[in-house]
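Chains as they are written, first to last, in this note's numbering: chain A, 1 to 549; chain B, 1 to 549.
Bear in mind the hints are in silico, worked out from the structure with no lab data behind them.
Not one of these hints is a red herring.
Computed list of lysine to any residue pairs in SDA-like fashion (alpha-carbon distance at most 20 Å, straight line):
1) LYS351(A) <-> LYS287(B)
2) LYS53(B) <-> ASP120(A)
3) LYS269(B) <-> ILE257(A)
4) LYS269(A) <-> LYS122(B)
5) LYS312(B) <-> SER306(A)
There are 2 protein chains.
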Amino acid sequence: MKFNKIIIAGLVAVLGLTISANAKSVKLSKSQMKKATQVYFDRCAGCHGMLRKGALGPNLEPKKTKAMGTATLKYIINNGTPGGMPGWGKSGELTKAETSLMAKYVQIKAPMPPEKSIVDMKKSHKVLIPVAKRPKSPQNKNWKDNFAVILRDIGKIAIVDGKTKKVLSVVKSGFATHITRTSASGRYMYVIGRDGKASMIDMWMKKPANVAEIRPCNDARAIDTSKHKDYLDKYAVVGCYWPPSIVTLDAETLSPIKIVSTASYTIDKGVFTREARAAAIIASHHKPEWVINVKESGQVWLYDYSDIKNPKITMVEAERFLHDGGWDLSKRYFLTAANAKNIISVIDTKKGKLVANIPSQGKKPHPGRGVNIDSKKYGPIWGTGHIGSNDIVFIGTDPEDHAKNAWKVVKKVSLPGKGGGNLFIKGHPNSPYIFIDRPVNPDRKLQTQIYVMDKESLEIVKTIKIPAKYLPVYKGKKGKKIISRGPVHFEFNADGSEVWTSIWGNKMVNTPILVYDSKTLKLKHVIDDKRLVTPTGKFNVTNTMTDTY
Amino acid sequence: MKFNKIIIAGLVAVLGLTISANAKSVKLSKSQMKKATQVYFDRCAGCHGMLRKGALGPNLEPKKTKAMGTATLKYIINNGTPGGMPGWGKSGELTKAETSLMAKYVQIKAPMPPEKSIVDMKKSHKVLIPVAKRPKSPQNKNWKDNFAVILRDIGKIAIVDGKTKKVLSVVKSGFATHITRTSASGRYMYVIGRDGKASMIDMWMKKPANVAEIRPCNDARAIDTSKHKDYLDKYAVVGCYWPPSIVTLDAETLSPIKIVSTASYTIDKGVFTREARAAAIIASHHKPEWVINVKESGQVWLYDYSDIKNPKITMVEAERFLHDGGWDLSKRYFLTAANAKNIISVIDTKKGKLVANIPSQGKKPHPGRGVNIDSKKYGPIWGTGHIGSNDIVFIGTDPEDHAKNAWKVVKKVSLPGKGGGNLFIKGHPNSPYIFIDRPVNPDRKLQTQIYVMDKESLEIVKTIKIPAKYLPVYKGKKGKKIISRGPVHFEFNADGSEVWTSIWGNKMVNTPILVYDSKTLKLKHVIDDKRLVTPTGKFNVTNTMTDTY
Numbered sequence: 001m002k003f004n005k006i007i008i009a010g011l012v013a014v015l016g017l018t019i020s021a022n023a024k025s026v027k028l029s030k031s032q033m034k035k036a037t038q039v040y041f042d043r044c045a046g047c048h049g050m051l052r053k054g055a056l057g058p059n060l061e062p063k064k065t066k067a068m069g070t071a072t073l074k075y076i077i078n079n080g081t082p083g084g085m086p087g088w089g090k091s092g093e094l095t096k097a098e099t100s101l102m103a104k105y106v107q108i109k110a111p112m113p114p115e116k117s118i119v120d121m122k123k124s125h126k127v128l129i130p131v132a133k134r135p136k137s138p139q140n141k142n143w144k145d146n147f148a149v150i151l152r153d154i155g156k157i158a159i160v161d162g163k164t165k166k167v168l169s170v171v172k173s174g175f176a177t178h179i180t181r182t183s184a185s186g187r188y189m190y191v192i193g194r195d196g197k198a199s200m201i202d203m204w205m206k207k208p209a210n211v212a213e214i215r216p217c218n219d220a221r222a223i224d225t226s227k228h229k230d231y232l233d234k235y236a237v238v239g240c241y242w243p244p245s246i247v248t249l250d251a252e253t254l255s256p257i258k259i260v261s262t263a264s265y266t267i268d269k270g271v272f273t274r275e276a277r278a279a280a281i282i283a284s285h286h287k288p289e290w291v292i293n294v295k296e297s298g299q300v301w302l303y304d305y306s307d308i309k310n311p312k313i314t315m316v317e318a319e320r321f322l323h324d325g326g327w328d329l330s331k332r333y334f335l336t337a338a339n340a341k342n343i344i345s346v347i348d349t350k351k352g353k354l355v356a357n358i359p360s361q362g363k364k365p366h367p368g369r370g371v372n373i374d375s376k377k378y379g380p381i382w383g384t385g386h387i388g389s390n391d392i393v394f395i396g397t398d399p400e401d402h403a404k405n406a407w408k409v410v411k412k413v414s415l416p417g418k419g420g421g422n423l424f425i426k427g428h429p430n431s432p433y434i435f436i437d438r439p440v441n442p443d444r445k446l447q448t449q450i451y452v453m454d455k456e457s458l459e460i461v462k463t464i465k466i467p468a469k470y471l472p473v474y475k476g477k478k479g480k481k482i483i484s485r486g487p488v489h490f491e492f493n494a495d496g497s498e499v500w501t502s503i504w505g506n507k508m509v510n511t512p513i514l515v516y517d518s519k520t521l522k523l524k525h526v527i528d529d530k531r532l533v534t535p536t537g538k539f540n541v542t543n544t545m546t547d548t549y
Numbered sequence: 001m002k003f004n005k006i007i008i009a010g011l012v013a014v015l016g017l018t019i020s021a022n023a024k025s026v027k028l029s030k031s032q033m034k035k036a037t038q039v040y041f042d043r044c045a046g047c048h049g050m051l052r053k054g055a056l057g058p059n060l061e062p063k064k065t066k067a068m069g070t071a072t073l074k075y076i077i078n079n080g081t082p083g084g085m086p087g088w089g090k091s092g093e094l095t096k097a098e099t100s101l102m103a104k105y106v107q108i109k110a111p112m113p114p115e116k117s118i119v120d121m122k123k124s125h126k127v128l129i130p131v132a133k134r135p136k137s138p139q140n141k142n143w144k145d146n147f148a149v150i151l152r153d154i155g156k157i158a159i160v161d162g163k164t165k166k167v168l169s170v171v172k173s174g175f176a177t178h179i180t181r182t183s184a185s186g187r188y189m190y191v192i193g194r195d196g197k198a199s200m201i202d203m204w205m206k207k208p209a210n211v212a213e214i215r216p217c218n219d220a221r222a223i224d225t226s227k228h229k230d231y232l233d234k235y236a237v238v239g240c241y242w243p244p245s246i247v248t249l250d251a252e253t254l255s256p257i258k259i260v261s262t263a264s265y266t267i268d269k270g271v272f273t274r275e276a277r278a279a280a281i282i283a284s285h286h287k288p289e290w291v292i293n294v295k296e297s298g299q300v301w302l303y304d305y306s307d308i309k310n311p312k313i314t315m316v317e318a319e320r321f322l323h324d325g326g327w328d329l330s331k332r333y334f335l336t337a338a339n340a341k342n343i344i345s346v347i348d349t350k351k352g353k354l355v356a357n358i359p360s361q362g363k364k365p366h367p368g369r370g371v372n373i374d375s376k377k378y379g380p381i382w383g384t385g386h387i388g389s390n391d392i393v394f395i396g397t398d399p400e401d402h403a404k405n406a407w408k409v410v411k412k413v414s415l416p417g418k419g420g421g422n423l424f425i426k427g428h429p430n431s432p433y434i435f436i437d438r439p440v441n442p443d444r445k446l447q448t449q450i451y452v453m454d455k456e457s458l459e460i461v462k463t464i465k466i467p468a469k470y471l472p473v474y475k476g477k478k479g480k481k482i483i484s485r486g487p488v489h490f491e492f493n494a495d496g497s498e499v500w501t502s503i504w505g506n507k508m509v510n511t512p513i514l515v516y517d518s519k520t521l522k523l524k525h526v527i528d529d530k531r532l533v534t535p536t537g538k539f540n541v542t543n544t545m546t547d548t549y
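In isolation and in its complexed conformation, chain A is listed as follows:
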C-alpha cells in the first residue's frame, strides 16, 4: 500500500501535479485529470475556488474531502445540498461517470494554475479594427438605446436595436460572459468572458463588431471603464479570478498597462489568501476610482487610476465573501453583498470608509447592481433580492435627510410561494414598478413568472406568467424532454418606457427576448431570432453608461 502511494505521488509530481499522501489515495489517469480539471473549472471553481479554499461554497481541500469519502461526495455532487449546491447529476449537467470522476478528483490536491505576465497577455492581444479605421461618428441614429445581450452558452453577444428590436449583429466573446459594461461615452461595449477573455464592441458601427480583444486572465467576472470626467473612455479594467488580480487596459485598444495582485490577508484572522479574487468592479462617477470587491479576503479596494502606472489603493475592510453590488441613488455609497454571511456592506466612496455591515434579513443576497427608489415614505432606498430565500429587502441610503432609515432594512417583502431563487431585480426612474425574476426557484410555476413590485407601496402588485409558447421545449441528455427555464434578468430601454427580459434556455434552442411596457405591463414585442441562443444579461447603452437601476 505504501509503495503504491509513493509511486502515485511520484507519477503525479512528474505530471506537474501533486497528490496528498493518504493511505486511501485516489488514482486518476492523466486524461481523467485533464477532463476533471476542466469540469472543475466550468462548474465548481466559481464557488469553491481554483485552490478549493472555499468562498460561497465550502472548502474542498483533500483534508476535508478525504474524510468525507467518495460515496458521500458522489451523493452530494449528484443531488446537491439545501445550502445551495446544485445537483449536477440530477439536473443532467453531469453524467454518472462525470459525477463519479469529480467525487474522486476533489480528493486530490488542487493543481496550481498558471500565472500570467504582461508579456503573456500581449500574445493574446489583437486590435481587430485600428482606431483610425473605426467610424468618426455614430452610424446608427439610435445607438444610445441599443442593447448588448449576452448569449451565454454560445460565447457570443447580440447587439439589438432598442427601437426596431432587430438583431443588428452577433459577435464572438469569451466563454459564458458574465457582464458587459460601456465606456463613459457609451461608444464601446466591453465584454468579459468567464475564461478571462476581454473584448470590445464599437457601438457606433452600423453592424457593431469587435474592434479589439485580449485575454488578461484565465478566469474572470468583472470589467468596467474609467467614468470620471477627466478620464472618459481612457481606461478599461478587468477583475480577474485567476490569476487573482486587477488588470488595467487602454480603453481604445485593450493594450495591457498594469497588473495589481489581489492576493491579500483576510479581514478576520489575517490569513494569507493567494486566491483572493477580484469579483465586482464598479466605476465611480465622482472620482477617478474603481470600487473593487476582493472576494475571499473581504476587502473593498478603492483603486485610484489617475496615475495609471502608479495606482493608489485604499483597502477597506468590509466582510467575507464579497460578491456583487451597486450604487445608491447619489452614487456616493456602494452597497455590496457578502452573500455567504447574509450581509450588505456599505462603502462611503467619498470618505473611503466602511459605513455599515447590514444583516440582509434573507439568505444569500444577490443584488446584481440592486435597485434604487426615491421613496416618498422612506426617502432614497436601495433594494436587493436573495437566492436562498423569498425576501426582497430595502435599505435606507440617505443619512443626511433620512437619518433614521439610513443603513438598515426599512422594508422586507416576501415573494409568494416557497423556494427563493431570485437572481435579478431592476428599476428605472421613469418606471412605476420594479421587476423581479426567480429563475432558480425549483417550482416550475414560480420559476416562469415575473414579479412586479410597486415602487411606492413596495408590494408585489402583479405576477406576469410567461405564456408556454415562449418557453421552448428541447431534448436533454438521454432524450429527456426539458422546458426552458423562466425569464432571467431585466433591462430598461433608455427612457424607461420598456422593460426587457429573456428566456433562459439551453444551447440546443433559441429563446426569445420579451419586451413589456413598463407602465401598462403589456407584452409589446417578442424578439424571436434564431441567433438568440441562451440570452441572459441585457445591457442598454444609456442605462449602463449612467448606472441607472
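Place chain B on chain A using the hints.
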C-alpha cells in the same frame, strides 16, 4: 533510473517537499534537507530569495542549477564570484561538507516556506512589562543621547550611555538584527531580527529593557514607527521578507493590527512575484506615511497609515531590486538604491511620484540612509558609497533653487586603492566631515581604515588607521588565526561632536567601539566591554528620532 526518480519524488512529497524530475536527480536525506534549509536561510536567502527567483544574487531555480552541475556550484560556493558572491568555503564560514551539501541542495526545488496569520503571530506576542508598570518619566538624564548597539552574531542589543560611555544594559533581540529605529518621541527603541522577531526597548528605564516582543515574520529586515505629529508613538511597522508582507503593530505593546501582502507584479515584464519582499521602511515626518521598498517587483509603496485598518497605498514604479535608502535634507525626497541595476531611484513623497532613476556611476550602491550635505558649491546634495566599486557619489536634491544640479551625480570621488567594499557613510550637520567605512574590501590595510571626507571640498582629507591593539585576534575553524575585520558603520552623538564606529569581530571575541572627535578626528574613547560581541549598527536616540544623517 526512472524508478529511482519516482521513488525520490514520492518520498520528498511525503516529507512535504518536492523535487524536480531530472535524469540526474540529487538525493538528500531528511536530516540533510533540514540542515541545508537552515544554511540556505542563514547565508543565501537574503540575496537569492527563499523561492530562489533571484534578487541581488542570481536565480537559483533547479532548471538553472541542474544545468550548472554539482562541481561548478561547489566551486562557486567555495570561492565566490567577482560579481559579489562571498566565498563561503574560502572564508571558513562553511565547511567542505557544508559546501558540498549546498551545491546539491540548490538543485532541488525550493520548499514553500510557511505562511503566518494574525492568529499565528499572537502566539509569539508577549508584553513583558505592561504599559502601567513602565516609568512615568525618563530615569536617565541623558537618555536622548544614548545609543543602541547591535551585537549582531549573539542576538543582543547593548544600550550604551552617550555621555559616560558605559554599557547600561544588554538585552536579547532576534537573530542577526538588521536595524533599530526609535519611536517619534525617542522613548522606545524598536529592533527587528533577521529571524523576523520584533522587540522594543524602553529607553526611559534606568537599565533599558525589552518591554514587548512578537514574531510577525520568519525573515525580516525593516522596522519603523509612525512619525507624523498626529500619530506620535502610535504604530510600529515591520517589513517582512517572508512571508512577504507589511505588518503594523501597536507601538506600545507590539500587538498586531494588520497584514498587507507585498506579493506583486514586476514593473518591467509584469510577472507575478510571490516573493516580493518588503525591504527598507522609512517613516515620513510630513505625512502619516511609510515609504516601503518592495524589492523584487521594483515598487516603492507609500503606505498611508492614518486609517490603520484600512490603509491607502500608492504603488510607485521605481526600479528592481530595491534595497535601502534615506531622506534628502528636506525629507521630501526618498533616495533609494536598486543595487543590482546601479540605479538610485528618487521618490517625491509630496507628489507620490518617481522623480528620476539616476545611474549611480558605481557598482552596487549601498547607501544605508546615505548622507546629506548643504554644500556651498552644489546646494543640498545626498551621497552614497558602493560595495562593488570605490565610488562615493553625490546627487543634487534641490530642484527649486539648484535646478541644474538636481537628480544627477554632481560629484564622484574615488576611495584610494582598489576593491570597493564600502558599506556605510555617515554625516551630521555639526560635523565638518563625513565618515566612510570599507569593511568588505579584501585588502587588509584598506579594510581597517576610516576614510574622512571634507564636506565642502568633497575630497578624502584623511585616512584613520585603526591601531592593531583594537583589532583582536581569534581562532577560526581548524585553529586558523583570524584578525577582526575593520571598523563598520558610524553614528554621531546628538550634538554631532563625536562619531562612533565599532570593530566588526567574530562571536568568539569582544571588539571595541571607538569614539572620535568629529572635528579634531582624535580618538577620544575606547568602549571596551566583554559584552560587546560583534557590535555592528549603532543608533543614537536623537539622530534616529530625527533622521539626521
